[in-house]
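Number of protein chains: 2
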Amino acid sequence: MAYEKKIPVDLDCPLRLTMSLIESKWKSCILDELRNGDPMRPSEIHKCLPEATPRVLDIQLKEMVEDGLVGKTIFPELPPRSEYHITDLGKTLIPIIDAMLRWGEDHYDIFEKKYGAGN
Amino acid sequence: MAYEKKIPVDLDCPLRLTMSLIESKWKSCILDELRNGDPMRPSEIHKCLPEATPRVLDIQLKEMVEDGLVGKTIFPELPPRSEYHITDLGKTLIPIIDAMLRWGEDHYDIFEKKYGAGN
DNA sequence: TCAGGTATGGAAAATTTTTTCGGTATACTG
DNA sequence: CAGTATACCGAAAAAATTTTCCATACCTGA
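Residue numbers (the working numbering), protein chains in the order written: chain A, 3 to 121; chain B, 3 to 121.
Please note that a few of the clues may not be correct.
The list cannot tell twin chains apart, which means a pair is met if one copy fits it or any two copies do.
Each computed DSBU-like pair below joins lysine-lysine, with the alpha-carbon atoms no more than 35 Å apart [to be verified]:
no.	residue 1	residue 2
1	Lys74	Lys116
2	Lys49	Lys7
3	Lys115	Lys93
4	Lys74	Lys93
5	Lys8	Lys115
6	Lys74	Lys64
7	Lys27	Lys93
8	Lys27	Lys49
9	Lys49	Lys74
10	Lys7	Lys115
11	Lys115	Lys74
No lab work stands behind these hints: they were computed from the structure. Since we're looking at a predicted model, the values are computed, not measured.
Use the sequences and the hints to build the structure in full.
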């Protein structure tokens, strides 16, 4: 189902292990959206991250469920309804997400000047 | 010189800004190698990260120099010699690298069971 | 002299990720 | 009834990253 890597991630490097769980385009943002513990529906997550396509959110949420960072509840209703929530394991990543968030805020001006519009 | 992205990174999201600086395959590991402040030659870095090709280290070091995370000293000698060192800006990322390193160590067993050899 | 190490980078191939488009099925609203 | 929304997923295209291979130019040691 998921894309099968031909070159496997080196799990023996703790740094690369952690990175591999959050490095794809929207995973860190998804964790940030779910951080407060409230479950969110996919369409809600998409509203909060409008630049992500629903497809990529779907794919990455699925991987995060596989990795145990996020849990999923499916309601047997029509039209379909489901909810995603952060797990206890996922919550242990929040301090890292926080630190990255703060770093980005603190150093925004440097990179705005360097790579921002008009440069 | 560097690959020019067709879909630009959204610098307005602090999380994605931080991620964009460290998410590629070896950047976090390179920062970890340089963390103590001692300069390292490219061949030395490669010895510490033997699974990375010299080419990709070269490319990523160059980007990190552009981003101001790493500094470079070229010695006008033959055979050529150069050294890379972490900058003050780069050092501000070390707490994040550390947190990811510790997280990976703390949760290694979960993912070893899940994705390790023989599974 | 020849092999091996030094640092770097162009170019193309291979790999991986993300986007785009389409389709499933059902219910509600105007 | 047509349009919209819900969640999800297959497939192919596009984009982005990494690998592989080759080349430069010079030194040291066998």
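Here's how the hints hold up against the structure:
no., hint, verdict
1, Lys74 with Lys116, "between (40 Å within a copy, 19 Å between copies)"
2, Lys49 with Lys7, "both (31 Å within a copy, 25 Å between copies)"
3, Lys115 with Lys93, "both (34 Å within a copy, 20 Å between copies)"
4, Lys74 with Lys93, "within (15 Å within a copy, 38 Å between copies)"
5, Lys8 with Lys115, "between (39 Å within a copy, 20 Å between copies)"
6, Lys74 with Lys64, "within (9 Å within a copy, 41 Å between copies)"
7, Lys27 with Lys93, "both (19 Å within a copy, 24 Å between copies)"
8, Lys27 with Lys49, "both (16 Å within a copy, 30 Å between copies)"
9, Lys49 with Lys74, "within (18 Å within a copy, 43 Å between copies)"
10, Lys7 with Lys115, "between (37 Å within a copy, 18 Å between copies)"
11, Lys115 with Lys74, "between (41 Å within a copy, 22 Å between copies)"
Of the numbered hints stated above, none is contradicted by the structure.
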